[in-house]
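Undergrad: Protein chains in written order, with our numbering: chain A, 1 to 112; chain B, 1001 to 1113.
Since the hints were derived computationally from the structure, they do not count as laboratory data.
Treat each hint with caution, since some may be false.
[As the list claims (entries may be wrong)] Derived pair list, reagent style SDA-like, types lysine to any residue, alpha-carbon separation capped at 20 Å:
(1) B/Lys-1011 / B/Ala-1088
(2) B/Lys-1057 / B/Ala-1038
(3) A/Lys-49 / A/Asp-99
(4) B/Lys-1057 / B/Lys-1014
(5) A/Lys-61 / B/Leu-1101
(6) A/Lys-49 / A/Trp-83
(7) A/Lys-111 / A/Trp-83
(8) B/Lys-1011 / B/Lys-1057
(9) B/Lys-1011 / A/Val-13
(10) B/Lys-1011 / A/His-82
(11) B/Lys-1011 / B/Thr-1076
(12) A/Lys-49 / B/Phe-1103
(13) A/Lys-61 / A/Arg-77
(14) B/Lys-1078 / B/Ala-1038
(15) B/Lys-1014 / B/Arg-1064
(16) B/Lys-1011 / A/Gln-42
(17) A/Lys-61 / A/Arg-107
(18) A/Lys-49 / B/Lys-1078
(19) B/Lys-1057 / A/Ala-1
(20) A/Lys-49 / B/His-1029
(21) A/Lys-61 / B/Phe-1103
(22) B/Lys-1078 / B/Leu-1060
(23) B/Lys-1057 / A/Gln-2
(24) B/Lys-1057 / A/Pro-40
(25) B/Lys-1057 / B/Ser-1073
(26) A/Lys-49 / B/Phe-1045
(27) B/Lys-1011 / B/Val-1074
(28) A/Lys-49 / A/Ile-60
(29) B/Lys-1057 / A/Ser-3
(30) B/Lys-1014 / B/Leu-1101
(31) B/Lys-1057 / A/Gly-41
(32) B/Lys-1078 / B/Arg-1064
(33) B/Lys-1014 / B/Val-1112
(34) A/Lys-61 / A/Pro-40
(35) B/Lys-1011 / A/Tyr-25
(36) A/Lys-49 / B/Val-1112
(37) A/Lys-49 / B/Gly-1003
(38) B/Lys-1057 / B/Ala-1020
(39) A/Lys-49 / B/Lys-1014
Here is what each chain is made of, one letter per residue.
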Amino acid sequence: AQSVTQPDIHITVSEGASLELRCNYSYGATPYLFWYVQSPGQGLQLLLKYFSGDTLVQGIKGFEAEFKRSQSSFNLRKPSVHWSDAAEYFCAVGAGNNDMRFGAGTRLTVKP
Amino acid sequence: GAGVSQSPRYKVAKRGQDVALRCDPISGHVSLFWYQQALGQGPEFLTYFQNEAQLDKSGLPSDRFFAERPEGSVSTLKIQRTQQEDSAVYLCASSLGQSILAFFGQGTRLTVV
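Next up, chain B with everything else stripped away, as it sits in the complex:
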């Protein structure tokens, strides 16, 4: 596609449920980023992939958060045993090569009830 695509756009999860958020980056983009944006805040870095390699996961808030990009294209962010504080918009971005110029998807709004 022409842009970064994220699905689902909205997700409501019961506390304790596992969720999986999908990101389809722009075709050919090597780098992929995940950000978490809480209400009224700026995006916070979660993790970064270059192709299939996860080079930085320092922003993942706990071991309940796990991200993968097994074939260097589509990425999945998984959150296990969701908690209310996980409620946020999760943004995915991709960039060409090692460029820091990233293009963002529309995000997935996760609400944990």
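Same shape as in the complex, but just chain A:
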């Protein structure tokens, strides 16, 4: 079965600084990859997804992620963080049988 590792439990960045959240996956075939964001008391909102094709995918709110097969990674990036980006971020990997597995999440704190 597929699995996901998010190595960073908590990251703090200053507003306006760049951001990179790491995600590594384990899966035998080409995976479906997702990033979700969860604000306190809210459900999961999809930021972006990778199914196939261009390995650099653009998402909402200025986020992007790059699929690197050789590194089994799907890191999330944003060039300039806003205070409203403070939230919990989850990477997920899906298989063709609709089985989606999530990482443990990375909590992002944004300093003024």
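Start from chain A and add chain B according to the hints.
TA: Below, chain B alone, put in the same frame as chain A:
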């Protein structure tokens, strides 16, 4: 409705009590998923429906957990004889057809005291 709707948003249950959590998926979405999210953790898969058929229930942690979707739309997750370790947020998600692209509800926070 426009999104996945879950009710209640919050539920406090005494240990040993039975609870029922409801999920209204996006209209027309064939697939429905339940996840359990413990505090500080990512969501863990519980079960998956395609229409009214429960195709995968491998994530249900014990036989106290039961899910149904009798008419292929609304789903109910039932937990019998709740235990403290059942305290978590229960998330429901739905997707169109067999797409794995799922949309999540806001969840039900269950606290067992």
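Undergrad: Now tell me, hint by hint, if it's right for this structure.
TA: Checked hints:
1. B/Lys-1011 / B/Ala-1088: Holds: B/Lys-1011 and B/Ala-1088 sit about 10 Å apart, inside 20 Å.
2. B/Lys-1057 / B/Ala-1038: Answer holds: B/Lys-1057 to B/Ala-1038 is near 18 Å, not above 20 Å.
3. A/Lys-49 / A/Asp-99: At roughly 15 Å apart (the allowed maximum being 20 Å), A/Asp-99 and A/Lys-49 satisfy the hint.
4. B/Lys-1057 / B/Lys-1014: Violated, because 26 Å separates the two Cα atoms, which is more than 20 Å.
5. A/Lys-61 / B/Leu-1101: Distance ~18 Å between A/Lys-61 and B/Leu-1101 Cα, so the pair holds.
6. A/Lys-49 / A/Trp-83: 23 Å, violated
7. A/Lys-111 / A/Trp-83: Holds: A/Lys-111 and A/Trp-83 sit about 7 Å apart, inside 20 Å.
8. B/Lys-1011 / B/Lys-1057: Given pair B/Lys-1011, B/Lys-1057 is violated - Cα atoms ~23 Å apart, limit 20 Å.
9. B/Lys-1011 / A/Val-13: 35 Å, violated
10. B/Lys-1011 / A/His-82: 34 Å, violated
11. B/Lys-1011 / B/Thr-1076: 14 Å, holds
12. A/Lys-49 / B/Phe-1103: 12 Å, holds
13. A/Lys-61 / A/Arg-77: Holds. A/Lys-61 to A/Arg-77 sits at ~11 Å (cutoff 20 Å).
14. B/Lys-1078 / B/Ala-1038: 17 Å, holds
15. B/Lys-1014 / B/Arg-1064: Holds, at roughly 15 Å.
16. B/Lys-1011 / A/Gln-42: With a Cα-Cα distance of about 16 Å, the restraint between B/Lys-1011 and A/Gln-42 holds, given a limit of 20 Å.
17. A/Lys-61 / A/Arg-107: 17 Å, holds
18. A/Lys-49 / B/Lys-1078: Violated, at about 31 Å.
19. B/Lys-1057 / A/Ala-1: 15 Å, holds
20. A/Lys-49 / B/His-1029: 19 Å, holds
21. A/Lys-61 / B/Phe-1103: Answer holds: A/Lys-61 to B/Phe-1103 is near 17 Å, not above 20 Å.
22. B/Lys-1078 / B/Leu-1060: 11 Å, holds
23. B/Lys-1057 / A/Gln-2: Given pair B/Lys-1057, A/Gln-2 holds - Cα atoms ~17 Å apart, limit 20 Å.
24. B/Lys-1057 / A/Pro-40: Violated - the C-alpha atoms of A/Pro-40 and B/Lys-1057 are around 28 Å apart, more than 20 Å.
25. B/Lys-1057 / B/Ser-1073: Between B/Lys-1057 and B/Ser-1073 the Cα gap is close to 17 Å, so the pair holds against 20 Å.
26. A/Lys-49 / B/Phe-1045: 19 Å, holds
27. B/Lys-1011 / B/Val-1074: Holds: B/Lys-1011 and B/Val-1074 sit about 19 Å apart, inside 20 Å.
28. A/Lys-49 / A/Ile-60: 10 Å, holds
29. B/Lys-1057 / A/Ser-3: 18 Å, holds
30. B/Lys-1014 / B/Leu-1101: Violated, at about 36 Å.
31. B/Lys-1057 / A/Gly-41: The hint is violated at about 26 Å.
32. B/Lys-1078 / B/Arg-1064: Satisfied, since the Cα-Cα distance of roughly 8 Å is no more than 20 Å.
33. B/Lys-1014 / B/Val-1112: 6 Å, holds
34. A/Lys-61 / A/Pro-40: 18 Å, holds
35. B/Lys-1011 / A/Tyr-25: At roughly 34 Å apart (the allowed maximum being 20 Å), A/Tyr-25 and B/Lys-1011 break the hint.
36. A/Lys-49 / B/Val-1112: 35 Å, violated
37. A/Lys-49 / B/Gly-1003: Given pair A/Lys-49, B/Gly-1003 holds - Cα atoms ~19 Å apart, limit 20 Å.
38. B/Lys-1057 / B/Ala-1020: 17 Å, holds
39. A/Lys-49 / B/Lys-1014: Violated: A/Lys-49 and B/Lys-1014 sit about 40 Å apart, past 20 Å.
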